[in-house]
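Student: Spelled out, the chains give:
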Amino acid sequence: MDEYLTFQVDKFNFRVAPDRLYSRNGLWVKPEGQHLRVGLSDYLQQRSGDVAFAELKPVGTVVGRQDEFGTIETIKVNIGLPAPAGGKIIEINPMLEEAPEKINLDPYGDGWLVVIIPVDWEADQHSLLTPETYFGNILREAEGEASDQ
Amino acid sequence: MTERNVETEVVIVPCSGIGKTYGTVSREASYIVTEDLQPTKTCLVALSRLVLGDEETLQHVAGHPAITIDGCKLACATKMVLKSGGEVVKNYAVLDVYRQYRQFKPQGIASLNEGGELLAQALAQEIAQQVDELLSGRGGDENG
Numbered sequence: 001m002d003e004y005l006t007f008q009v010d011k012f013n014f015r016v017a018p019d020r021l022y023s024r025n026g027l028w029v030k031p032e033g034q035h036l037r038v039g040l041s042d043y044l045q046q047r048s049g050d051v052a053f054a055e056l057k058p059v060g061t062v063v064g065r066q067d068e069f070g071t072i073e074t075i076k077v078n079i080g081l082p083a084p085a086g087g088k089i090i091e092i093n094p095m096l097e098e099a100p101e102k103i104n105l106d107p108y109g110d111g112w113l114v115v116i117i118p119v120d121w122e123a124d125q126h127s128l129l130t131p132e133t134y135f136g137n138i139l140r141e142a143e144g145e146a147s148d149q
Numbered sequence: 001m002t003e004r005n006v007e008t009e010v011v012i013v014p015c016s017g018i019g020k021t022y023g024t025v026s027r028e029a030s031y032i033v034t035e036d037l038q039p040t041k042t043c044l045v046a047l048s049r050l051v052l053g054d055e056e057t058l059q060h061v062a063g064h065p066a067i068t069i070d071g072c073k074l075a076c077a078t079k080m081v082l083k084s085g086g087e088v089v090k091n092y093a094v095l096d097v098y099r100q101y102r103q104f105k106p107q108g109i110a111s112l113n114e115g116g117e118l119l120a121q122a123l124a125q126e127i128a129q130q131v132d133e134l135l136s137g138r139g140g141d142e143n144g
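Note that the protein sequences, when read in sequence, are chains A and B.
Numbering of the first sequence is given in this note's numbering, commencing with residue 1 and proceeding in unit increments.
Numbering of the second sequence is given in this note's numbering, commencing with residue 1 and proceeding in unit increments.
Rather than coming from a laboratory, the hints here were simulated on the basis of the structure.
Careful, some of the hints might be misleading.
[What the hints assert, rightly or not] Derived DMTMM-like pairs: lysine to aspartate or glutamate, alpha-carbon spacing no greater than 20 Å straight-line: (1) A:Lys76 x B:Glu117; (2) B:Lys73 x A:Asp67; (3) B:Lys105 x A:Glu55; (4) B:Lys20 x A:Asp67; (5) A:Lys30 x A:Glu98; (6) A:Lys11 x A:Glu73; (7) A:Lys102 x B:Asp96; (8) A:Lys102 x A:Asp67; (9) B:Lys105 x A:Glu122; (10) B:Lys20 x B:Asp96; (11) B:Lys105 x A:Glu91; (12) B:Lys20 x A:Asp50; (13) B:Lys105 x A:Asp10; (14) A:Lys11 x A:Asp50; (15) B:Lys73 x A:Asp110; (16) A:Lys76 x B:Glu114; (17) B:Lys20 x A:Asp10; (18) A:Lys88 x A:Asp67; (19) A:Lys102 x A:Glu91; (20) B:Lys73 x A:Glu101; (21) B:Lys20 x A:Asp106; (22) A:Lys102 x A:Glu122; (23) B:Lys105 x A:Glu97; (24) A:Lys76 x B:Asp132; (25) A:Lys88 x A:Glu122; (26) B:Lys73 x A:Glu73; (27) B:Lys73 x A:Glu122; (28) B:Lys41 x B:Glu56; (29) B:Lys105 x A:Asp110; (30) B:Lys73 x A:Asp50; (31) A:Lys30 x A:Asp10; (32) B:Lys90 x B:Glu55.
Because the structure is a prediction, the values reported are computed rather than measured.
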């Protein structure tokens with residue numbers, strides 16, 4: 001993988017992996033052959049805090065784009081996870097039940113959430129952001145919030 | 001080498017995080033242990049005294065085994081005890097304790113909700129038991 005896109009605001013360093021697409025609310029989607037692997041961006045996991053529990057819909061569940069495929073409870077918030085693409089869940093990360101902190105420790109790697117067989121990837125991918133666009137969005141958001149404080 | 005007064009007292013060092021729910025849980029649990037459950041076997045140490053380098057506190061921590069309670073992964077309580085020359089015999093992370101007691105969801109900062117109070121109680125019970133095991137185990141060794 002190419003180097004991360006990174007920026008620092010205050011004491012926080014944020015990384016955007018360049019080899020995948022992003023939803024506006026901070027989920028990443030990485031095409032792997034006919035499948036899509038999905039996870040939380042580093043920006044979203046850092047802003048959300050340490051994950052206490054991750055609950056994902058079971059394998060076999062069919063979700064439409066933007067349907068909730070799981071929830072994450074952190075020390076700060078509960079987050080519903082809208083599917084960045086419609087399809088059938090064929091795999092959920094087995095490590096998250098015992099070690100949900102993987103989402104914080106390695107959001108672009110071991111902390112992945114689900115693997116989906118997409119129904120209409122051609123259409124759904126147009127609603128997603130390139131890493132560069134997502135990077136620009138979160139940079140503006142983080143810098144805007146920092147300047148407000 | 002510092003001689004630790006293992007048979008008599010354990011110091012309890014909670015997170016000092018202000019404005020953080022999990023920090024508040026750690027301190028509430030500490031109060032329950034040191035004031036209610038094990039008042040004669042434990043001593044509460046404010047993390048800020050270690051940070052400020054209070055000589056008397058440093059000596060006290062260096063001379064007794066410590067149980068630390070960390071509110072987040074920065075683990076300031078544990079790090080400061082170790083930096084102060086103390087011995088951390090047991091560390092608790094509030095997040096890990098919450099994972100065991102999911103029915104007790106903590107909320108609130110200045111004052112905890114019922115879930116937070118119950119989580120602090122559960123954590124305090126675990127620590128109190130740990131104190132007994134620690135002192136009886138070590139005391140037994142020393143007393144032959």
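Student: It remains to establish, for every hint, whether it holds in the given structure.
Tutor: So, going through the hints one by one against the coordinates:
1. As the CA atoms of lysine 76 (chain A) and glutamate 117 (chain B) are separated by approximately 17 Å, the hinted pair is consistent with the 20 Å bound.
2. Annotation: proposed proximity of lysine 73 (chain B) to aspartate 67 (chain A) is violated, straight-line Cα distance about 32 Å (limit 20 Å).
3. At most 20 Å may separate the alpha-carbon atoms for a hinted pair to count; lysine 105 (chain B) and glutamate 55 (chain A) meet this at roughly 16 Å.
4. Restraint check: the Cα-Cα separation between lysine 20 (chain B) and aspartate 67 (chain A) comes to about 32 Å, which exceeds 20 Å; the hinted pair is violated.
5. For a cut-off of 20 Å, the pair hint linking lysine 30 (chain A) to glutamate 98 (chain A) is broken: about 24 Å separates their Cα positions.
6. With a CA separation close to 24 Å, the supplied pair lysine 11 (chain A) and glutamate 73 (chain A) exceeds the 20 Å bound.
7. Using a Cα cut-off of 20 Å, the hinted pair lysine 102 (chain A) and aspartate 96 (chain B) holds, with the two alpha carbons roughly 14 Å apart.
8. Taken as a hint, the lysine 102 (chain A) and aspartate 67 (chain A) pair is broken in the structure, with Cα atoms around 24 Å apart against an allowance of 20 Å.
9. A C-alpha spacing of about 41 Å is found between lysine 105 (chain B) and glutamate 122 (chain A), which places the hinted pair above 20 Å, so the restraint is violated.
10. As the CA atoms of lysine 20 (chain B) and aspartate 96 (chain B) are separated by approximately 16 Å, the hinted pair is consistent with the 20 Å bound.
11. The hinted pair formed by lysine 105 (chain B) and glutamate 91 (chain A) fails the criterion: a straight-line CA distance of about 29 Å is larger than 20 Å.
12. Taking the CA atoms of lysine 20 (chain B) and aspartate 50 (chain A), the gap is near 12 Å; set against the 20 Å cutoff, the hint holds.
13. Between the alpha carbons of lysine 105 (chain B) and aspartate 10 (chain A) the distance comes to roughly 30 Å, so the proposed pair goes past 20 Å and is violated.
14. A hinted pair counts as satisfied when its Cα atoms are at most 20 Å apart, and lysine 11 (chain A) with aspartate 50 (chain A) qualifies at roughly 17 Å.
15. As the CA atoms of lysine 73 (chain B) and aspartate 110 (chain A) are separated by approximately 19 Å, the hinted pair is consistent with the 20 Å bound.
16. Restraint check: the Cα-Cα separation between lysine 76 (chain A) and glutamate 114 (chain B) comes to about 17 Å, which is no more than 20 Å; the hinted pair holds.
17. About 19 Å separates the Cα atoms of lysine 20 (chain B) and aspartate 10 (chain A), which keeps this hinted pair within 20 Å; it holds.
18. Of the supplied pair hints, the one linking lysine 88 (chain A) and aspartate 67 (chain A) holds, its CA atoms being roughly 12 Å apart against a limit of 20 Å.
19. This hinted pair checks out: lysine 102 (chain A) and glutamate 91 (chain A) have alpha carbons roughly 16 Å apart, not beyond 20 Å.
20. For the suggested pair lysine 73 (chain B) and glutamate 101 (chain A), the alpha carbons sit about 10 Å apart, so the restraint of at most 20 Å is met.
21. Between lysine 20 (chain B) and aspartate 106 (chain A) the alpha-carbon distance is near 24 Å, which puts this suggested pair outside the 20 Å criterion.
22. Between lysine 102 (chain A) and glutamate 122 (chain A), the direct Cα distance comes to roughly 30 Å. Violation of the 20 Å bound is thereby established for this hinted pair.
23. Between lysine 105 (chain B) and glutamate 97 (chain A) the alpha-carbon distance is near 18 Å, which keeps this suggested pair within the 20 Å criterion.
24. Between lysine 76 (chain A) and aspartate 132 (chain B) the CA atoms are separated by roughly 34 Å; this puts the pair beyond 20 Å, and the hint is violated.
25. Under the criterion of a C-alpha separation no larger than 20 Å, the hint pairing lysine 88 (chain A) with glutamate 122 (chain A) is consistent with the structure, at around 16 Å.
26. For the proposed pair lysine 73 (chain B) and glutamate 73 (chain A), the alpha carbon gap of about 16 Å is at most 20 Å, so the pair holds.
27. At most 20 Å may separate the alpha-carbon atoms for a hinted pair to count; lysine 73 (chain B) and glutamate 122 (chain A) exceed this at roughly 41 Å.
28. This hinted pair checks out: lysine 41 (chain B) and glutamate 56 (chain B) have alpha carbons roughly 19 Å apart, not beyond 20 Å.
29. Restraint check: the Cα-Cα separation between lysine 105 (chain B) and aspartate 110 (chain A) comes to about 27 Å, which exceeds 20 Å; the hinted pair is violated.
30. Under the criterion of a C-alpha separation no larger than 20 Å, the hint pairing lysine 73 (chain B) with aspartate 50 (chain A) is consistent with the structure, at around 8 Å.
31. Simply put, lysine 30 (chain A) and aspartate 10 (chain A) have alpha-carbon atoms about 29 Å apart, too far for the 20 Å limit, and the pair is violated.
32. A hinted pair counts as satisfied when its Cα atoms are at most 20 Å apart, and lysine 90 (chain B) with glutamate 55 (chain B) does not qualify at roughly 23 Å.
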